[in-house]
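K.L.:
Residue strings, one per chain:
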Amino acid sequence: MSTAERVVVDPVTRIEGHLRIEAQTDESGRITQAYSAGTMVRGIEIILKGRDPRDAWAFTQRICGVCTLVHGMASIRAVEDALHRAIPDYRIPHNAELIRNLMIAAQYVHDHVMHFYHLHALDWVDVVSALKADPKATSALAQSLSSYPKSSPGYFADVQKKVKTFVEQGQLGIFSNAYWGHPAYKLPPEANLMAVAHYLDALAWQREAVKLHAIFGGKNPHPNFVVGGVPSPISVHSEGGRGKGPHFRGGQEATAVNVVGLQTVQNVIRMMRDFVDQAYLPDILAIAGFYKDWGSRGEGLGNFLSFGDLPSKSFWDTDSYLIPRGVVLGRDLSKVHPIDLDADAEIQEFVSHSWYKYSQGDATGLHPFKGETELAYSGPQPPYKHLDVDKKYSWIKSPRWQGKAMEVGPLARVMVMVASGNAQARELVDSTLKTLDVPVEALFSTLGRTAARALESKILADAMQGWFDTLMANIKAGDVKTFNDQYWDPSTWPKHMQGVGLQEAPRGGLSHWLVVDDGLISNYQAVVPTTWNAGPRDAAEQPGAYEAALQHNHVLHDPKQPLEILRTVHSFDPCLACAVHVTDPDGEELIQVKVC
Amino acid sequence: MSATLEKGLHALREVIDAPIASYFSSCVHCGLCADACLFHTETGDPRYTPIYKLEPLRRVYEQEYTVLGRVKKLVGLAKPVDDAMLDAWQELVYDSCTMCGRCSLVCPVGNDIVYMVRKLREGMAASGHTPDGIRSATRRTVEIGGPMGLKWPAVANVLRKAEEATGLKIPVDQPGADYLVLLSSMEIVNYPEYIEALAKIFHKAGLTFTVSSDAFEATNAGIQIGVSDLARTIVTRIVEAAERLQVKHVLSPECGHAYMAIRWEGPNLIGRPFRFEVVHVLELLDELRRKGVLKMKDTFKDPLILHDPCQIVRRGGVLDAPEQLIRQVADNYIPVVDQQKWNWCCGGGGGASAIHTEEAEALRAKAFQVKKRQIESAGVDTMVTFCANCRIVIEEAFDHYQMDTKLLGLTELLAEHLED
Amino acid sequence: MDDLQLLTWARGPGLDLALGIFVLGVVWRLIEVYALGRKRDLAPARHRTGASGLHTVLRRSMPPPGMLKTSPVSYIGGFVFHIGLAIIVLLFAPHILLIKSLTGLSWPGLPSQFIDMVAVLTMIAMLVILVDRINKPVKRFLSTFGDWFAWVVTFLPVLTGWMAVQHLLLPYTLMLALHILSVELLLVVLPFTKLFHAITLFGSRWYSGKINAHKGVPV
Amino acid sequence: MQGPLIDTLVRQGVSRRTFLKYCATLASMMALPPTAGRAMAEALAAARRPSVIWLPFQECTGCTESMTRSHSPTLEGMIFDMVSLDYHETLMAAAGHQAEDALHAAMKDNAGKYLLIVDGSVPLGIDGAYSCIAGRTNVDLLKEAAAGAAAIVAMGSCAAFGGIPKAKPNPTGAVAISDIVKDKPIVNVPGCPPIPVVMTGVLAHYLTFGRLPDLDDKLRPTAFYGETIHDRCYRRPFYDQGKFARTFDDEGARRGWCLFELGCKGPVTHNACATTKWNGGTSWPVESGHGCLGCSEPDFWDAGGFYKALSMPADPLKMGTAAAAVGAVAGVAVSVANRAKKHRAQASHETTTLADLEK
Amino acid sequence: MLPEAIPIQPAMEPSGNARPLLREIDDMLRRLLETGEPSAIDLSALPLNPADLDWLRSSLGVGEVAARLQANGESTFDETACPGVWWVAHRNEHGAVVAQFIEVAFVPELIKAHPDDIATGREQLEVLVSGL
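Chains as they are written, first to last, in our numbering: chain A, 1 to 596; chain B, 1 to 420; chain C, 1 to 219; chain D, 1 to 359; chain E, 1 to 132.
Everything labelled a hint here was simulated from the structure, so no lab data went into it. Please note that a few of the clues may not be correct.
As the list claims (entries may be wrong) - Lysine to aspartate or glutamate pairs mimicking EDC-like chemistry, simulated, CA-CA at most 20 Å apart:
1) B/72 - C/147
2) A/186 - A/437
3) B/161 - B/416
4) D/218 - C/2
5) A/164 - D/76
6) D/342 - B/17
7) B/79 - C/147
8) D/184 - D/216
To be verified - Computed footprint of chain C on chain D, listed as stretches where at least three residues anywhere in the stretch have a Cβ under 8 Å from a Cβ of chain C:
9) 236 to 245
10) 260 to 270
What the hints assert, rightly or not - A short, non-exhaustive set of chain D residues, derived as facing chain A with CB atoms under 10 Å:
11) 130
12) 131
13) 133
14) 137
15) 172
16) 174
17) 196
18) 279
19) 313
20) 341
21) 353
22) 355
Glycine included, C-beta positions come from ideal geometry on N, C-alpha and C.
Chain A extracted, bound-state conformation (with noise of 0.2 Å):
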């Protein structure tokens, strides 16, 4: 094995936007200390201040495009609780929180197979040696597996062709270069056929997956939202008609919400139950299967935070949750923290080692509601080799809660679940526990992680249908109110007004601060799963959960190979330009620079 040395990942690729590892390795090869760095920044938080409330959820859905819903929809909340917090009988329909439970929902699903099948999968599956594959014995592992349907011979054998045609051009495209032949990949070749397989699949699959998304909001990516409510109204009428009841339009004097979009809108939840039941459950314990040893490392903080969503009555009754909010400290699934939101040591935001500045001194942490955004760039002038990890060495802040570390995100909201005694979600644990036979500390791992994200994928799958009966109940009862118009008009808001928005992303826990005052955004802060998860170190030196995960037992098989760091910062689903939105517009750091 190699001497001692700081591996540099940059880019780290399949994820969305800009991260950099930098890993500092023994002699062995083993991890001892894990640096991760957002190198891109856009500003924002500073872009919206001065602008009208209403129109912040378009912003901020721009700060990602992959989990495209999560910010609208952080946006749309902080301004509703803004307005409930100073009026608190400003309510939003039932229709409406049903359909954003249905395009949350969906953008979960969507995007924890894409992340699997796309981003991930190719950590754990050899392209090239799918190529080996016998399709005969792939078709036979398929169906062992699941009733997918496309788990013929015949079918195996055409994309074996379709890849070997491929490889044989000898233009590999953007699987050139990659850690084909790895000594830790350990699928055989049946598998990695059947995985390659399902990667095509699930292109296409989430093609029509975000078809709900299109029915809702218009367009996938970047869905459009209102505040007050969803901006798809349903087109039917109650005037006139054949017999009792409401009747759907069609035609020109339609939206998209018709029967024929409600019909999309159902088969995208069968598809979607589908897909999950039969592919990708079944692949990732088959996968699994083969990284046993992934169950013992990866893991990091052990704190896990969520502040619950996907409520079944109004986002402001938490009792009425699928996913439950609080705090699980220390692995111990025994309790539930509760969240105080507004209580100024709760949450902060900490920049130690962030390129900011903070009026009170960088070793302070502040609440979101009175953050604050003022750069102070230190690293090294580009092009440049390392990062000055002792300083300063990121664009994303650190947050904590009550001053500790957080993971969040599906292993989050699992453990939050079953600690909160959700029955699907433990009997799902236990079966998969079962299935895999590892024992019940193989979940904080990255493999957990990884299953984690399957698992809640099938819980929320499950939940859609329930929640697209209840609106066709609603519809077919007469009750078609998508949008509360009463305090549209900024006008009638009072002079000063804060809320927050919270959303549980496919990555985790989101919550966007909103300070307004006479009708325009004073302050603006968005606290994003990926700033949670791939924060730098806070002014205590404890780690951001992807350092900490890192640095839990990883040996690096090859340094100029780093796959092992790959599967582990994957296995979070990175989101940078999510983690990194603020910048200071301030010329004179360009000076600040130079000097440097």
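Position chains B, C, D and E against the provided structure of chain A, taking the given hints into account.
P.N.:
Then chains B, C, D and E, alone, in the frame of chain A:
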């Protein structure tokens, strides 16, 4: 001190008020007022467009009372009002304007143009830009007592003759009478039968009246020329006489400007309301008609039309009485198209009839064509009016055009057919 | 600056500026005009003048008897163009929204094809009026630079608005920006040109009505 | 109709008719004449999969996500059959040094021939340090990659026009690709994100004809950006009839009436949403009920707010009250002066006598 | 509950934009007869609403030939009552119409077999023949 440009501008600065400012701000140069002005319609000369006649006033307003105008003046973009301009405008403001007020009626933005002409004449007069004829009429009125230079003995003579003709007493300087009867020189000289008619009617109605030897003249050339100071002098005579004689009413004669002067301008000239009521003779007659006092012994048979004098009807507000009265006496009254407040001027009001230059007379004659057409299209040989000035102007025009149309005074016509 | 930026400027700072100058100018000019005051008429009124000022404000919108025949272009053209302008300004849905955002008041609009037709009629009427001004001796004689200028600044918003809707000559965005800018030009110059009649007209008619009603003449 | 692509397709079981049909539909979408489908097929069939390098700068990955939603051709169709996507951070298997190596190899092997696709704007503030990949600034990477490119596709509004990073106050000094690269053919494919079929259509056109499609003055393909949303909107008849949705949930909204009053920017937005729709023709923003944000126009973020109708003020009007006050003060000042002047004139009135009338 | 449970009420009227196409088609037919040159109208590129298309379709009538192509979804080639005028509709795998043409030709372009495909067919045939 004599008339100067500065004095004229000074006078204009005094009279410009909010309505004038509003009117000038509203004018859109649509030119519709031209269609309402007989001097334009009969000549086709665009200079006779009423609003154009006000250009000096407009310039003074703009340059003195608007910031933009002042700035324009400062940087030399505004043409100042000078003597040459006023000289050129004299014809437009006097010869070709009878202050008939028809233009004020048609202006789509509501500009009261004649209101402004009256004010502009203050400046024209003060700066010495007035026609000789009006000026001498004014002089005669102020110095002698009437525009024609008539003195009391001559009047007394006429009154005596009327007493003889009617056999009725015409009281002079009789205090406490119901009515102080005012006359106009023209009536006294040209239409003495008016006085006879009045005497008969008062007698019939059982009302008392008197004539004042100090204030028999009703016309007021000061208003026509546009000098309020002189107009005040003239009207004050009447006011003093009426208040001295403690009459309840002052009876304005048929003459239009006289009525305008005493009824509408009078109180404003002396700066206080009168202690008596001013009544136009037709108003009185109409009231008597309504009371049934005015009974006719016979009627006038020939078809006839009515000429409504501007200052009494359109500008004076005596709207309905003339037609009611003519219907009382005439069998074949033919209403013309432009009647009552829409009537066309005779062409000699506002002092114009006093201008005796060749050009002014030719212009008047030309302007009369509108009346001529009215008479011809009605196909009548008789026209009735109730303003001495109109009668003179119309008869001159009849002569000019060699028309043999008969022109009658309304009051005399009534008196002639009055039940004995 | 590209066309959308120009449009945004026109809708934003440009509009603010233009409306500011307009409001400033109107308030200033109104005070300038009406603070000159007038003397009370001491002659006793023939009868109470009541709402005569208001009557005149309304009555003067109709042509006097006979005048329609003598000046058909002025009246019919004027009617078509003024009513057309009013319809376009007050009953075209996008304009109603502007009015709503300025005043909070709104009402239903008319179909855009109708507005379109009205715009064409309005422009034809304005062109006829322009030709009339050139041809008719009185109008030509009275016309000053201000009259031609006022015609142009009034015509431009209608023309640009119509062309924007019809997608003529320039891209819609740019044409819309020009339309809004032309309206802003109109707003800016209105208080300082004869276009101010749009406001003083009411005062002028009211004065006429009052002054004449005092004598008993409805005008 | 022969060549490596068609051979590949045939070997993969894709018939010539399928391919022709694909070309015909693509030509239809690109508003090319019906005969162009045939030409396209001939050209595409003969093409060797050209190298495509996709560089992400200040972006949100929405453009890439949108590309994955492409229905015809599909992303996998593109990657396997049409182009050789040699560098794309979100999709590529390799990472770190291996990714960089792949990039450099592609640039070297295809020098002067590869198509460079860029999403995201490029920050110029603090010498570009606001956005770095592998320790190098975006502007540095862009210049290097552009030098060897045959043409550049600025994918999405950020790359095309600066997009959201350039929104006021543009904290990072973000600029569009065309602000930096001046010596290469550039096609802007704006949209936030662009419509997948537009993205693939532009690529297909380039592959077919070896040059960029006809562009407008903003370097957008006229086939897709030639008309406004409003002109092709299925709700246009309601606009013409004066039927408008007044809230997002009134009867008009449910009947699909025009969204102009709710701030739709369709009239000033050049894009093909109304005709191509989104996500395989499922819907598009206006059909679902939200007005067009105008996302394919330069600086649409600063165009006055998404819920303000185009005829409404873009900014709060601030001057009105102040102007009225100033106007009142000015007016009062002027009128005080005017009245003083008039009173002076009246006070200094000299009675006019008969003698005065004579000049 | 399924959305089908709720009845649908379509409403649409023709805009009249389809009418002028008939003249154009007539001109194209004349050209086909005189020069043998086929031509096509891309219906998706025209401002036609579904009612317009219905009107056009029913105006042109139904002819004798109807062909179907299964390639990446179904395509239909229907001869109208005017021989030589074909109604061509391309659908994707989900059955949604992605492009629609009126093709004026003796036989629609896409129906003709390509010489290369025929050659391939012959090769297959030869295998069969040799196996006899």
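K.L.:
Take the hints in turn and mark each one as holding or not.
P.N.:
Results for each hint:
no. : hint          : verdict
1   : B/72 - C/147  : 17 Å, holds
2   : A/186 - A/437 : 18 Å, holds
3   : B/161 - B/416 : 17 Å, holds
4   : D/218 - C/2   : 9 Å, holds
5   : A/164 - D/76  : 15 Å, holds
6   : D/342 - B/17  : 9 Å, holds
7   : B/79 - C/147  : 18 Å, holds
8   : D/184 - D/216 : 16 Å, holds
9   : 236 to 245    : holds (count 5)
10  : 260 to 270    : holds (count 4)
11  : 130           : 5 Å, holds
12  : 131           : 4 Å, holds
13  : 133           : 5 Å, holds
14  : 137           : 5 Å, holds
15  : 172           : 5 Å, holds
16  : 174           : 7 Å, holds
17  : 196           : 9 Å, holds
18  : 279           : 4 Å, holds
19  : 313           : 12 Å, violated
20  : 341           : 45 Å, violated
21  : 353           : 67 Å, violated
22  : 355           : 70 Å, violated
The structure fails hints 19, 20, 21 and 22 (numbered hints given earlier, in ascending order).
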